[in-house]
Amino acid sequence: MRNSFDHKLIQLNNDLIRMGGMIEEAIASAITALRENDAELARKVVKNDRFVDDEEKNIESQCLSIILREQPVARDLRKVSAALKMVTDMERIADNAADIAEISIIADVSALMHILNEIKTMSEKVITMVSHAVDSFVNTDMQLANDTIKADDEVDELFISIRNKIVQLIKDEACSGDVAVDALMIVKYLERIADHAVNICEWVEFFETGEYKNTQII
Amino acid sequence: MSENESIKISTKNVNLYYGENHALKDINLDIKTNKITAFIGPSGCGKSTFLKSLNRMNDLIPGCRITGQFLLDGEDIYVPGVDTNLLRRRIGMVFQKPNPFPMSIYDNIAYGPRVHGIKGKAKLDRIVEESLIGAAVFDEVKDRLHKSALSLSGGQQQRICIARAIAVQPEVILMDEPTSALDPVSTLKIEELMNTLKEKYTVAIVTHNMQQATRISDYTAFFLVGEMVEYAKTEELFSRPQDKRTEDYITGRFG
Amino acid sequence: MEKPVINSLTKKRRRVSDIVLKVLIFTSAAIVVALTLGMIIYIVVKGMEGLSWNFLSTPAFSYPYENYGVLGNIVNTLYLVVITLLVATPIGVGAAIYLTEYAKQGRLTRIIEFTTETLAGIPSIIYGLFGSVFFYNIFKVNYSILTGALTLSIMVLPTIIRTTQEAIKTVPLGYREGSIGLGAPKWHMIRTVVLPSCIDGILTSVILSIGRIVGESAALIFTAGIAADFNFDSIADIFTKVMNQGGSLTVQLYQYAQRGGSEMKYAFSTALVLLITVLIINICAKLVAYRIRKKRSV
Chain D
1 MRNSFDHKLI
11 QLNNDLIRMG
21 GMIEEAIASA
31 ITALRENDAE
41 LARKVVKNDR
51 FVDDEEKNIE
61 SQCLSIILRE
71 QPVARDLRKV
81 SAALKMVTDM
91 ERIADNAADI
101 AEISIIADVS
111 ALMHILNEIK
121 TMSEKVITMV
131 SHAVDSFVNT
141 DMQLANDTIK
151 ADDEVDELFI
161 SIRNKIVQLI
171 KDEACSGDVA
181 VDALMIVKYL
191 ERIADHAVNI
201 CEWVEFFETG
211 EYKNTQII
Chain Z
1 MSENESIKIS
11 TKNVNLYYGE
21 NHALKDINLD
31 IKTNKITAFI
41 GPSGCGKSTF
51 LKSLNRMNDL
61 IPGCRITGQF
71 LLDGEDIYVP
81 GVDTNLLRRR
91 IGMVFQKPNP
101 FPMSIYDNIA
111 YGPRVHGIKG
121 KAKLDRIVEE
131 SLIGAAVFDE
141 VKDRLHKSAL
151 SLSGGQQQRI
161 CIARAIAVQP
171 EVILMDEPTS
181 ALDPVSTLKI
191 EELMNTLKEK
201 YTVAIVTHNM
211 QQATRISDYT
221 AFFLVGEMVE
231 YAKTEELFSR
241 PQDKRTEDYI
251 TGRFG
Chain G
1 MEKPVINSLT
11 KKRRRVSDIV
21 LKVLIFTSAA
31 IVVALTLGMI
41 IYIVVKGMEG
51 LSWNFLSTPA
61 FSYPYENYGV
71 LGNIVNTLYL
81 VVITLLVATP
91 IGVGAAIYLT
101 EYAKQGRLTR
111 IIEFTTETLA
121 GIPSIIYGLF
131 GSVFFYNIFK
141 VNYSILTGAL
151 TLSIMVLPTI
161 IRTTQEAIKT
171 VPLGYREGSI
181 GLGAPKWHMI
191 RTVVLPSCID
201 GILTSVILSI
211 GRIVGESAAL
221 IFTAGIAADF
231 NFDSIADIFT
241 KVMNQGGSLT
251 VQLYQYAQRG
261 GSEMKYAFST
271 ALVLLITVLI
281 INICAKLVAY
291 RIRKKRSV
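For the protein sequence lines, the chains are D, Z and G, in the order given. Just so you know, we're using the numbering used here here: the first sequence kicks off at 1 and counts up by one. Just so you know, we're using the numbering used here here: the second sequence kicks off at 1 and counts up by one. Just so you know, we're using the numbering used here here: the third sequence kicks off at 1 and counts up by one.
A hint or two may mislead.
[Claimed, not checked] Computed, partial: chain G to chain Z, Cβ under 10 Å:
hint	residue
1	THR170
2	LEU173
3	GLY174
4	GLU177
5	GLY183
6	MET189
7	THR192
8	PRO196
9	GLY201
10	LEU203
Calculated from the structure, these hints are not laboratory results. Even glycine gets a Cβ: it sits at the ideal position worked out from N, Cα and C.
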């Protein structure tokens, strides 16, 4: 029963996985570009953001088409509407990665050698969160979604600790103000990405229960 | 479900048998006053049977046996001594196929009031007009009240049947797939009408069309092989069904 | 065998069996039409010979015996038709309503229905025999139009009951449900919805009955007798006539035919009159049916 509908839902899942892969790669490449001062790679990340935007539109149009043609209810309705909401977060994640890449092109943060490693650690955690967030939706894994939401605390702690280090660097006049602000923006972007990953996980919760941020919205 | 809604009809442990066939199993369901309650489920699930048992139309079927309680405003309608004619005046019915009598539109609407002893042209004229207005069909037929009701379109006929039902001022209107024989425009007109009907009446409707149930009803009950599987607010049932069988049915992954 | 062209829309393949069947069907139809037309033409031609105003306005065998006519028989036939229908229709329709609407469907109703069907198959002479004995005991008259009409009533009852039953069964369930659903009591439903809807069926049964009444002879010889006087001297005679003998057209036909010879032509004339009478009665019934239907559909 409803083979074509099920096929469309599988297609939607696959495209979400693909988009997830694209944004994970964007974050990783942006951080690599930053650490290795690879302007070429950074420009590629900025350029590839367009493809993520295209993928977002593709998924949105799939969702709207499913709503129009299949009139999904219950679980199907929650799945499609969650997908429709979470692609926005995914697209923002890609935007933030592109923002990091842009900063890496204009700013020379090599002066901040000793906090770059911590930024790398933070970015790895963030990438894992994003990956788990998308996985938890695709595989309807509530446990993974909850764990991912909890992981955000670690990222927040890392953010505070790096921020404090940057503040210390400014106090010690160990780096220029420009560089310090750029570095702060980069970690802020990473922190924002983690928040978007949390948002995605919250849509997973909605998909499972109909509750979004502890409110029954359907 | 919120507590301030009053209950019009309450059924308790209702079982219904057609001969050996156990057609309804332990149905417990409260129909709320001035709400539209939809019964959905696959063919043969007992939803129509249940609807018809609400005003004892099943009495017409030989070999039909019912246990349990049906309380209309707290009064059991299946105890001996109940006047079924009066009961059916209080709980009216609209059927799947538009079934106006082969007489004039006027006589169709006046049929019920006449049955219940209302006489006098002025009085009947008023009832006929009010009922036709209430069923949103007055403007279309006002110039041909004395023409045969069978000359109307299917959608108009069904609204005539609704007008005929409300002419006896019922408290509850039962509708058995009232739009399944109609085109989409007529269907929408009747759905629109049902929304205004619920201001005055309590409406229970059987429908095969789940979109229709989601559009018009306040509560939905899902039936499966004689059981009432789930009963909830329509939005809840269609967004977060609690029972796997409901989920499978409404998402179309049934059977 | 050549491979048939199956995708051609214009080249229709004709199968031999189709053609044979078609020919057979047309032949059967032709035989029926030819027989009917032939019979009617034969009767009209032979009947015209003896038909005259005098024949129509004279009672048969009035003295002296040279008078040949059917006036009395026409009147007697009309009497029989009217009285029989007045008796049989209400009883038949009532029985049909009881059987379909009220009687519990089961062995008893099946037995009653079987009996009615059997009744329809009993030869009319037996009705005649029974009627003459049974009603003689009631009215103490050997022959009378009333006895004949009552006997005929018994005879046409099965037709009326069965046809009406069938008509009642075809009333859409929707009408009944609609009426009951509005809180109408059962009898009210039957009166206002069921009966008006099967008026056509009832009329059909009446027309069929008229056919049987007009065409009946065997049952009438024993019961209504053969006399064909035409005595309407006072208004009271209109009513007392029912207790008198009254031979119908068919009985008269039988008598003319039995005597044969020169009277044979009058047998055909009577047959012609009989045909025309049936025709007129049927047209009237159809007109009534048409009027009723028109009135109902407004």
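Verification of the hints:
| no. | hint | in the structure |
| --- | --- | --- |
| 1 | THR170 | violated (13 Å) |
| 2 | LEU173 | holds (9 Å) |
| 3 | GLY174 | holds (3 Å) |
| 4 | GLU177 | holds (6 Å) |
| 5 | GLY183 | holds (4 Å) |
| 6 | MET189 | holds (9 Å) |
| 7 | THR192 | holds (7 Å) |
| 8 | PRO196 | holds (7 Å) |
| 9 | GLY201 | violated (14 Å) |
| 10 | LEU203 | violated (16 Å) |
The structure shown violates the earlier hints numbered 1, 9, 10.
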